[in-house]
Amino acid sequence: MKKIRIQEEFCIGCRLCEINCLVKHSYSGKIIKAFREESPRALPRIRVEEEGYLSFALQCRHCEDAPCVENCMSGAMQRDRETGTVFCDEERCVGCWMCIMSCPLGVIKREQKTRRIASKCDLCGGEGEPVCVAQCPNEALLYE
Amino acid sequence: MRDPFRIPSGCAVSGILNLDGKPVSGTHIIRSIEVMHERSNGLGGGFAAYGIYPRYADLYAFHVLYDDPLRKQDVETILKQRFSVEHSEEIPCRKTDVIKEWPLFMRYFLRYLGEEENEDDEVVQVVMEVNSSIHGAYIVSSGKNMGIFKGVGYPEDIGRLFRLEEYRGYCWIAHGRFPTNSVGWWGGAHPFGLLSWSVVHNGEISSYGINRRYLQNFGYLCNLQTDTEVIAYLVDLLVRKHRVHIDYLGAILASPFWEQIERMDAQKKHFFSSIRTIYGGALLNGPFSIIVGFPGGMFGMVDRIKLRPMLAAWKNKTFFLSSEECAIREISPDLDRLVALKAGEVISGRVGERNNYGQKLAVSGV
Amino acid sequence: MAKSLLFPEFKIDRDKERCISCQVCVRQCANDVHEGSDNEDTVLSQEENCVGCQRCVNLCPTNALTVHKREGGFRPNGNWSEQHLRGIYKQAESGGILLTGMGCDRSYPIYWDHLLLNASQVTNPSIDPLREPIELTSYLGRKEEKLDIDWSGEFPLVQTRLAPQLELKVPVVFSAMSYGSISYNAFRSLAEAAREVGTFCNSGEGGLHPDFYPYGDNIVVQVASGRFGVHRDYLRVAAAVEIKIGQGAKPGIGGHLPGEKVTKEISRTRKIPEESDAISPAPHHDIYSIEDLERLVFAIKEAINYKKPVAVKIAAVHNVAAIASGVVRAGADIVTIDGIRGGTGAAPQVIRDNVGIPIELALAQVDERLRSEGIRHHSSLLIAGGIRSSADVIKAIALGADAVYVGTAALVGLGCHLCQKCYTGKCNWGIATQDPVLTKRLNPNIGKRRLVNLIRAWSFEIKEMLGGMGVNAIESLRGNREHLRAVGLSKEECAVLGVKAAGEGW
Amino acid sequence: MSEIIQTNYLLIGYSVSSWFAAQAIREEDDSGRILAITEDDKAYSRPLLSYVLGNRSKDIAYFGEVVSHNPIEVWWGSSVINLDGVERWAELSDGRKVEFERALIATGAIPVFPPIRGASGEGIFTFTHIDDLERMSAYIHKENIENILVLGGGFIGLKTCEALIELGLNIQLVELAPRLLINMTDEKSSRHLEKALIKEGVDIILEDTVEHFEREGQKLRGCVLKSGRSISCRMAVVAIGVRPNVAWLKGSGVQVDRGILVNRFQETSCPGVFAAGDVTETMNMVTGERSVTAIWPEAVIQGKIAGKNMAGKRDVYPGSLPLNAVEVGETALISAGLVNPPGDDDCEILVCESEGSYQKLVLKENRIVGLVFVKNIEKAGIYIHLLRQRISIDAFRDKLLQPDFGIISLPSNFRKHMVEGAGIEV
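Chains as they are written, first to last, in this note's numbering: chain A, 1 to 144; chain B, 1 to 366; chain C, 1 to 506; chain D, 1 to 426.
Just so you know, these hints were derived from the structure itself, not from any lab. Hints are not guaranteed to be accurate.
To be verified - Straight-line alpha carbon distances no greater than 30 Å define the calculated DSS-like cross-link-like pairs of lysine-lysine that follow: (1) B/22 - B/315; (2) C/90 - C/301; (3) A/113 - D/199; (4) C/146 - B/342; (5) D/199 - C/264; (6) C/264 - C/169; (7) D/195 - A/113.
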């Protein structure tokens, strides 16, 4: 399966990935609306970590033996059998946070929607390049 | 008066060579070029003939055009500094219905007075000197046992003016001119000659500017602003001075493309890439087909992507080159072989050589 | 400290309706112009430090920012321009030489813009580059006057051994920009692009980082007055060696890489101690005459076993034609001439803007001079200094250049916005900097792709123009000034350029 | 003589451990017969019970079923009443006998129900089984319940509270210990949780328990606590703990203490008989003590390892790690490992507190051995990973619990392995 490859040597720490991810997963999908009008504001499903001059954007690696999937007792966290994407079925998610506990990268968040659910990278639905990759100004993220 | 413009031209070219060296009259070449009347527009025509002065075969035969007869004295002064004039006369012309006026044409048979090994270079020097410094006089041809006859008019009329049917030569080349802009000037007509080279040319040399400057590096001054002039000088430089084999002139003047060279075997690749690296300034770009006459033969060549026509033909011991097939059939309806020259190809014929039908020479054809 | 009389050069407009306070601008400005407020709801901008590099504008996801020249700061005055006034204020405050970067930005005539190209009509068919080959391959190096060929065999055998040549698939070479003046990633972009398109890049006087040795076949290394990083392997790994005498942006003076830019890797590359200033003297202290140059040329040729061409780079100064002739006679296989608009990482502004002559005039004169001396084929001519487009390239070729160097154009291709602040080391585009936060902003994979695209695009355009002229090999245009005509130039300028006025035929 | 069935693999009980064991067996052995015996009549996720009660989840069914070309057989509504771990046969409730090569005991745990006066009769529930869910829902609805007593502030008690809050009931939560989730919390984290519960209207009564229930006829009326306080309620949920379901193993030859004793391969004292999940007693990876760790993630990993070993591979169980999460209102709490080290232990404690948020790490010998996070829980997985992997925190000790702590803080090789390695490779 295609994965997002992180090239930390080219991450410029601009956090446009976070911004674009947030917009992509917002209600309107429009940047200004998503930031200024939608409440609660959507959460980015990618996290830029920084230390000194080093930085990189981290999101779900869609692990092969994904512990979040195994540890999800509702079956909301699952792997799309065709694309291999690990995603959370928001309908099924009950917010038990087993996934958060079991994610070694800490890339699952609690997000307030109609109720609180686990929110993580869904590779933007698995069709085409995820926005974080497509919009990374320096190609620090590759989808390959 | 000197034409200040370089004249891009259309044109017809034709050439006949008897491979046994038997002289034939000028009638044939006139007939041949006349067929291609439509390729000329009456602003220039001319002929080169080889073997026409057997009596003075060892002497330089200078044809000199005097727009201004007063310059005759100046020219002769220069000539006499280096040569002894063994014989001189006005070139006989006849008034025709079409051409009623013409400038003075003189011919001089000259013996070089200096060291033998320098004589060709001296001749070139004198030609350059006269043509660039004496306004109103112009050395039309400067070879041995050959001569160039040219002027403003259709080529067949020029032929008749110069009474070429009375000359007998083993090789004839002819040119009918279609300049796209021109003031009629007799010196601007083709063939263009230097030493025993004569060049007729159909086309336009896009690389003229650099060819001219390339030649400048070697002491050739192109003052006549004609494409044909650079061709003649390049041929002289390459063949006479750099000893390039005529059959391989195409490798320089119409070289194969790098991508073709890439695909060649190592030996050829080395040859062609060396040639291109060194002789880039001599590459003739743009459309052309040319016939070059030289003592004992002639060759034809077309540009590297064949933008102008040229055919070669053989019948018994006669070798033909022409822009159009009709011009060959006119004088030899049945042919042993007829081929169209390929891009960048040189086809030559030499007196005493077997008919090669152009086969071994397609070294750089596209 | 007394209050400065300077005020911001740029004005930043932030569209409050569009700004989403995402702080991208804050994070991207190395000059600390933007600042997030404590509650992160608003972003403020302090214009004093803005250099107008447009990095924030480019990355702002909502296009909320506009950075433009601040208007009306100085009272209009035809004589006392803003540039002069700013210079005086700065110098009155600092007491130092005004530094700047990139090339001369004065409005001297740009002759490229006064030269027009020819095209075929009727008498000569133009050639369609999509259907017919059009060749841009060029060879740089000394050309023999003639070839000795043995014609006796089945196939002719070339007897002459050709002098070493640089084969260029496109007559555009990336000019000397040292690792040090530009970042590792910028240099990598250049080296990889050069290899991809079949041309060369130039190490500048910064030595060659070991990582770039594998690119040696596409690198020209420089030997300059500081001799930084020059050693046997450096000379041998490269495709050619260039002795740098002068630079168009600062003829007659040396160079200075401040110690803070001499990082560990640069120290390793230049073979100088870390954090020490790298000072290139104004002259080579072993070249005080043309004979001395000849000795260095041949010393280098000896060092590289005569296997690669040796170039000599000089700035275009008043007597350039005669100097170039001397350089050719001193054994240079390639003469590089750098005009007044050539770029630099740092130069005194007064020198950059006032010393030297435009490259077009220098090129025309040098080419003509060498031809008239019959030595044009002894050296190839590489010219530099303000080549901005494929049109400039082709005009340079027609004037007589064998190939052109592009520096600024390549950097612009990499993202440079010509803020002219290279000397500060705070290049927000990651080009002219060694700050690891900034250098990673230039991803060499992107950089390479952009440069390859640029050169490809230019070569397509060059082919179109050549085809239009009915020329299918670049050498048939080289020095072919018949294909150039001048507009709006005086007779003297036309004469210097060796170009007829537009309207004149052949 | 009743029918004798032969199978390669017998799974006794069919919940999470068995699912993952079946999956693991199938990865190694695509042809062997796998037979599962379960009392249930469908596969469901036990931890979902409270969420279904609280209407957070519509469905109790577990979504991640076992996938294989060769399906496994499940006999629903059946149970094993006798097992001979030495002779390798099991007797089913319907009298059939199954002979097996390998068996997995995964019968889970059953609620502890204390002997309290008045506890028998309607209105009092335990909450670990799908029948409990149905009965409770029906009872709340039928009896129009408004007040409810939850006895036990442990994990199930709190999960029950979460659900009952969603239903809008008034809850009284009684816990004998001085704080909630006694093993998962410390004083401070428990206070955060209590505050959140109170905000949701829960009445918390600590250090107390039910002395007896009071009834009005059959119906529950209330209870009296040890402290003497009396509470009126018509329904109560008893959630004071679970114990492994091992009673039926008497005479099987399988050694049992509190739970089934297993070795590192999840194999019981009877070779060929394995056990996994809530029914087992395993070694705690932090303390090294044997205990029952009745949580989903352990059931998963034990099931996988048992399955692998049953199919003839060798895979070793690293030890159990108690961990869990609860959320009340906005307050989420995650806890793992050793939260309250015994006083004589040379443990180091790092704490980071801010408004509403509490993070505590327990370190021992430069390794993380336990944590409890309240509210700010999203990076807990990273710390738990470090705990599981026993990574020395020496290189990044000063970054622990810093707001920008992340993968970037970890040694670069380890970090790259985590981020770029195929899969998780932990």
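Next item on the list: Could you grab the alpha-carbon distance between residue 199 of chain D and residue 264 of chain C and see if it respects the 30 Å cut-off?
Entry: Measuring from Cα to Cα gives roughly 59 Å; hence the hint is violated.
Next item on the list: Sort out whether residue 199 of chain D lies within 30 Å of residue 113 of chain A, counting only the CA atoms.
Entry: Roughly 21 Å separates the two Cα atoms, so the pair holds.
Check: Is residue 264 of chain C within 30 Å of residue 169 of chain C, Cα to Cα?
Finding: It is violated: about 35 Å lies between the C-alpha atoms, which goes past 30 Å.
Check: Holds or violated: residue 146 of chain C with residue 342 of chain B, Cα cutoff 30 Å?
Finding: holds, 27 Å
Check: Is residue 195 of chain D close enough to residue 113 of chain A, meaning Cα to Cα at most 30 Å?
Finding: holds, 24 Å
Check: Are residue 22 of chain B and residue 315 of chain B close enough, with their CA atoms no more than 30 Å apart?
Finding: Holds: residue 22 of chain B and residue 315 of chain B sit about 14 Å apart, inside 30 Å.
Check: Holds or violated: are the alpha carbons of residue 90 of chain C and residue 301 of chain C at most 30 Å from each other?
Finding: With Cα atoms ~47 Å apart, residue 90 of chain C and residue 301 of chain C exceed 30 Å; violated.
Going down the numbered hints, you'll see the structure goes against 2, 5 and 6, while the others check out.
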